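Now for the letters of each chain:
There are 4 protein chains.
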Amino acid sequence: MSHNTFGHLFRVTTWGESHGPALGCVIDGCPPGIRFTREDIQADLDRRRPGQSRFVTQRREPDEVKILSGVIEDGDALVTTGTPISMLIENVDQRSKDYGDIARQYRPGHADYTYDVKYGVRDFRGGGRSSARETAARVAAGALARKVVPGMVVRGALVAIGENEIDRANWDWDFVHDGENPFFTPDRSSVSVFADYLDGIRKAGSSVGAVVEIVAEGVPAGLGAPIYAKLDQDIAANLMSINAVKGVEIGEGFGAARLSGEENADEMRMGNDGRPVFLSNHAGGILGGISTGQPVVARFAVKPTSSILNPRRSIDADGREVEVLTKGRHDPCVGIRAVPVGEAMVACAIADHYLRHRGQTGR
Amino acid sequence: MSHNTFGHLFRVTTWGESHGPALGCVIDGCPPGIRFTREDIQADLDRRRPGQSRFVTQRREPDEVKILSGVIEDGDALVTTGTPISMLIENVDQRSKDYGDIARQYRPGHADYTYDVKYGVRDFRGGGRSSARETAARVAAGALARKVVPGMVVRGALVAIGENEIDRANWDWDFVHDGENPFFTPDRSSVSVFADYLDGIRKAGSSVGAVVEIVAEGVPAGLGAPIYAKLDQDIAANLMSINAVKGVEIGEGFGAARLSGEENADEMRMGNDGRPVFLSNHAGGILGGISTGQPVVARFAVKPTSSILNPRRSIDADGREVEVLTKGRHDPCVGIRAVPVGEAMVACAIADHYLRHRGQTGR
Amino acid sequence: MSHNTFGHLFRVTTWGESHGPALGCVIDGCPPGIRFTREDIQADLDRRRPGQSRFVTQRREPDEVKILSGVIEDGDALVTTGTPISMLIENVDQRSKDYGDIARQYRPGHADYTYDVKYGVRDFRGGGRSSARETAARVAAGALARKVVPGMVVRGALVAIGENEIDRANWDWDFVHDGENPFFTPDRSSVSVFADYLDGIRKAGSSVGAVVEIVAEGVPAGLGAPIYAKLDQDIAANLMSINAVKGVEIGEGFGAARLSGEENADEMRMGNDGRPVFLSNHAGGILGGISTGQPVVARFAVKPTSSILNPRRSIDADGREVEVLTKGRHDPCVGIRAVPVGEAMVACAIADHYLRHRGQTGR
Amino acid sequence: MSHNTFGHLFRVTTWGESHGPALGCVIDGCPPGIRFTREDIQADLDRRRPGQSRFVTQRREPDEVKILSGVIEDGDALVTTGTPISMLIENVDQRSKDYGDIARQYRPGHADYTYDVKYGVRDFRGGGRSSARETAARVAAGALARKVVPGMVVRGALVAIGENEIDRANWDWDFVHDGENPFFTPDRSSVSVFADYLDGIRKAGSSVGAVVEIVAEGVPAGLGAPIYAKLDQDIAANLMSINAVKGVEIGEGFGAARLSGEENADEMRMGNDGRPVFLSNHAGGILGGISTGQPVVARFAVKPTSSILNPRRSIDADGREVEVLTKGRHDPCVGIRAVPVGEAMVACAIADHYLRHRGQTGR
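Order-wise, the sequence lines are chains A, B, C and D. One gets this note's numbering by counting positions in the first sequence from 1 and adding 12 to each. One gets this note's numbering by counting positions in the second sequence from 1 and adding 12 to each. One gets this note's numbering by counting positions in the third sequence from 1 and adding 12 to each. One gets this note's numbering by counting positions in the fourth sequence from 1 and adding 12 to each.
Read the hints as simulated data drawn from the structure, not as lab findings. All values reported here derive from a predicted model rather than from experimental measurement. Keep in mind that the hints are not guaranteed to be accurate.
Unchecked claim - Computed list of lysine-lysine pairs in DSS-like fashion (alpha-carbon distance at most 25 Å, straight line):
no. : chain 1 : residue 1 : chain 2 : residue 2
1   : A       : 339       : A       : 215
2   : B       : 78        : B       : 159
3   : D       : 78        : B       : 78
4   : C       : 339       : C       : 215
5   : C       : 78        : A       : 78
6   : B       : 215       : B       : 339
Could you build the full structure based on these sequences and the hints that come with them?
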């Protein structure tokens, strides 16, 4: 991953800030002949879209995707031609406001200070490039990546908000996208707990972190590489590139550090269909950097957004000590909308490795 | 990171298997004029070297580095010329043995099965490319990377073995490399606990995981990029590329998911020297993907090696169900020797970003 | 250069087809703080724009550039922020027509056949991705690249059309952009010759090739690398990536093959200002892949466009033998409008190496 | 191509200087299961080896290749495992001598001055990294690349030395490697002309340039991409990366600039076997950046080496004006030994695109 491009054969470049006229992505290296519809892309964007419940930012953005290149029409469908696919999403709700002091203040926990140190110039409006809006471009790219690997299904779910964890015994993928579920939680019983908890956070003008889990099923065995270009490594890099993500783990993850070799190693038998089966999946579907054919399981930790209504001590660009509080529309738990983003980033990583594997081995 | 090369401007390519004649690395893009000695490289290699206590593999390898290109001699020192630096380490103790059944058996938790699925051919001797021996090449590269960033000090420590965690109140960097400390633990009081625990593991023919923490001090503010090519992301990718690593976190990491925005955001004041100071370091030295000037803090989880003496159910390459047990010399806790490896990977990531930042900004 | 991205630190990704809604580019890695105006970009686009004389295609495109990201406004100027800069140019004059047979016929000398063999699907409208329109995106990127290297001036000129070469004794850079000069020729005396010649070509429904020379002055010494990432090599790759280019040379180029070592080597003396001077520039400003500080000189050969009115034998996608003739608006000498494109590609290559050199050496 | 690595999926990194202990390459991304022998590699190295006639340098190097990783033995053959393949060639004949003044003098036409400007430090022995010895590593890599594309045959020939061109009517591939042919010329009648001419050059202490042509047959149609990552562009970059190369052309190359569209476009018919045939090959086997299935034809110009016995004016590192003459063993026409090097670079470019095409399209 270099600069604003990620992927090696399925390459995604994103661009755009929160308060510019638009944002978008260019997908390069997509196989030709992939059929999809604009609605396939839009559906994923809609899941990430703000303003859908009181638990996410109230910014109103239709997030309508335009597809500008790299496809031909075939009836109602679009078909990729193998040339770069440019997608664009206009920014509509860039509420004009007086940024006033905030333009020069360094909000604690935000990248304001580091931007200024690095670049010496900064688009302070809405977080600039670090805005969660940028993730719309990733989601658009991921919607196409899903089509690249035949049979692959990538799904995500919120597994913890703050101290509150789901009960895994209640895991229900169907519930994740249920209309009554504003959290992408797979555990119906967690909704009221999360809602009460987040209402408290929201009313207190505070914010809280979360943990998201992504599961990719139907990933062929053999994708990845032994030690560099490990599939888990590229998934980790892709997830860690999402705003506010501070930790990533695969399979047992940090839990593996507490296991013995006997406990952690997934035993194998021959299945009834004459194919190998694993008796467990501590590895999260990846052994030695290469997919096993089991579901690929990754989790990432999202820190609480630093945009909070409570004043915090900081400095400004002139070196003055100030108190900062961030008004405006913010997600009390930015981790919620990170679920479709995480799915997209995992889908892109796997699609890329699918093409790389095919390139190297012809399989 | 692509294939067996990592880094963008400070680029490291490694090669070699456990049981071939040698292994090594090529470092490309190193600045010219960097002075170092062969001993600088050797010292780091010696810290990673096996056979130094009963808690690591008894394979005996001198791990003597040869420097084949990219330098000129200047008195006792070597000076980089800006051309690729090739380093080579011979494999000496490749005990010849009858691999017998193991050649076709898939050891649970190992990459044997995935190698065969991916490549259709496999060097089964000693784990092939996935051997921990490969990390010697990384350590050699990292020893040079340390020289690239003026004033940077990168140190690592083992902070947990299995269920046993260190007491952070006892943290003592000096003790990490004390001759009486076979664990790179920073907590003197943990040595006997770890020793008793690992003796039990070792005698039981088992293995256990660990958590390693890396701290880089003296990292200039401004390295990295907002959302892709984030410094934390490249550190995560580099660490996740190490054998057996299944989780990575920066600063508070997964703990950040449980914090509020107020708790997690590091407040700022002006220091007595007229420079900004942070009042805490939950961010682990990186905000919005860019270094803050505070210490960069990363942790990674190492799974227990799957080479254990206790039989486990598996299959072989012919689809026969078998019981596998792995004789030979192995690390009961491969996480111990991962400490200098983690330091090297963090040093390489930061050196790369140091050059990238200088390239883009001229600073 | 990989897929549709070129450059290593100053990275340009282009997208778009001739007959889609728009085309554009994303420039990633641009230094922050570069000041420019939309007019700077537009001026270069205007030089490349079709329809400006009877010697180029009559397609009417305003080629108005929109800048969508990566900049902030500062008075009348734009200032780069260090984040990706997205530029977009709408396609306006996509004359709807009945492509009829042409949709399945392989035009000789065009990429129709190879597209179908490669991708199995093809946007046959106007040459698809291979349209000369794509070069507008390069020109936009190049206009920004020019700003990256302080003091650099990159200029191009047409030095031959078909068999007709300019007289180098008449070289006049000022004349190249003279309003009476539809050819970018630096030789005033060549205009009537070129005009008569091309009128004949045009009326015959034929086309002809050309040679373009690019000269970059003010290039600092030290850019490039000894054998890979040679500055001349990256210039060659950039120029060869332009549609219809079939040859590239640096300095004496193919002429160097006929010289002796004495003739070809540029001697050096100390200048009056105490700085080294070269007594000739056979090397074209690049020795051992690294810039000398002299003007960088490159030439490239553009083949005649294969869109001609005279019937040629070919086959169609069904394997039928057909006669093909290409109606529509075409450049009789596509090499003319390649002049600003060549400038842009050389500017991008040098800007990239300027940043790379600064990254590696700190100078 | 970045730094000292070229290729995208079939990636070659080379390292080493003329007078260090060794040089070599690491080939990453090679498909698994490729069978070859050490002799396959050695045979190509032997063709490039110095000292084989009076027309090339008298340096005596056995150039014996060692293969250190990435393969397993299978009887007499080696089989690639898909992991990086490290090859090493020791430098044997590093005649120790007193470099004296030459260490600080800038030889005209050499990269001495530009190295010093760029790096501020320089390995002046034997040209350092710019030595023709480095090309041995490319030849070794190319020997393996040839095996990657089934049925591909890549051959090269010298087509001009100084003003002397071959007669293409006499082209005989068999003669190129005839023992009586010290020039890789395909024209038996040229040998005595070239020999007399070069004897004169050699005795005069001078040197001369040459033109080399490479022809790759058996290249599948469909490799490459429309405008960036064009097959011809990557071939051009690979050839231009060879020391002393100053021009590259594909098919008609610069000659295409003088042709009309009718003359240049290759007509097509259906062949007797029901497959498309081209009636000519002006395109050099590449249309729109994508291979047509016809032979790929590239030519490159090699400048005369600047190591000549006749004194030339220059300066030294202290800014003193000096006269330089280069004693020692040199090739009077370095273009001769460039023939196998050019073959290797073309083979590597095509192998890389073969894998990339397979990755993107699955074909």
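Evaluation of the provided hints:
A distance of roughly 13 Å separates the Cα atoms of residue 339 of chain A and residue 215 of chain A; the hinted pair therefore holds under the 25 Å criterion. About 18 Å separates the Cα atoms of residue 78 of chain B and residue 159 of chain B, which keeps this hinted pair within 25 Å; it holds. For the given pair, residue 78 of chain D sits about 16 Å from residue 78 of chain B by alpha-carbon distance, which is consistent with the 25 Å threshold. Proximity of residue 339 of chain C to residue 215 of chain C is assessed by CA-CA distance (about 13 Å); at most 25 Å being required, the pair is judged to hold.
Under the criterion of a C-alpha separation no larger than 25 Å, the hint pairing residue 78 of chain C with residue 78 of chain A is consistent with the structure, at around 16 Å. For the hint linking residue 215 of chain B to residue 339 of chain B, the alpha-carbon distance of about 13 Å falls within 25 Å, and the restraint holds.
Comparing the model with each earlier hint shows no violations; every hint is respected.
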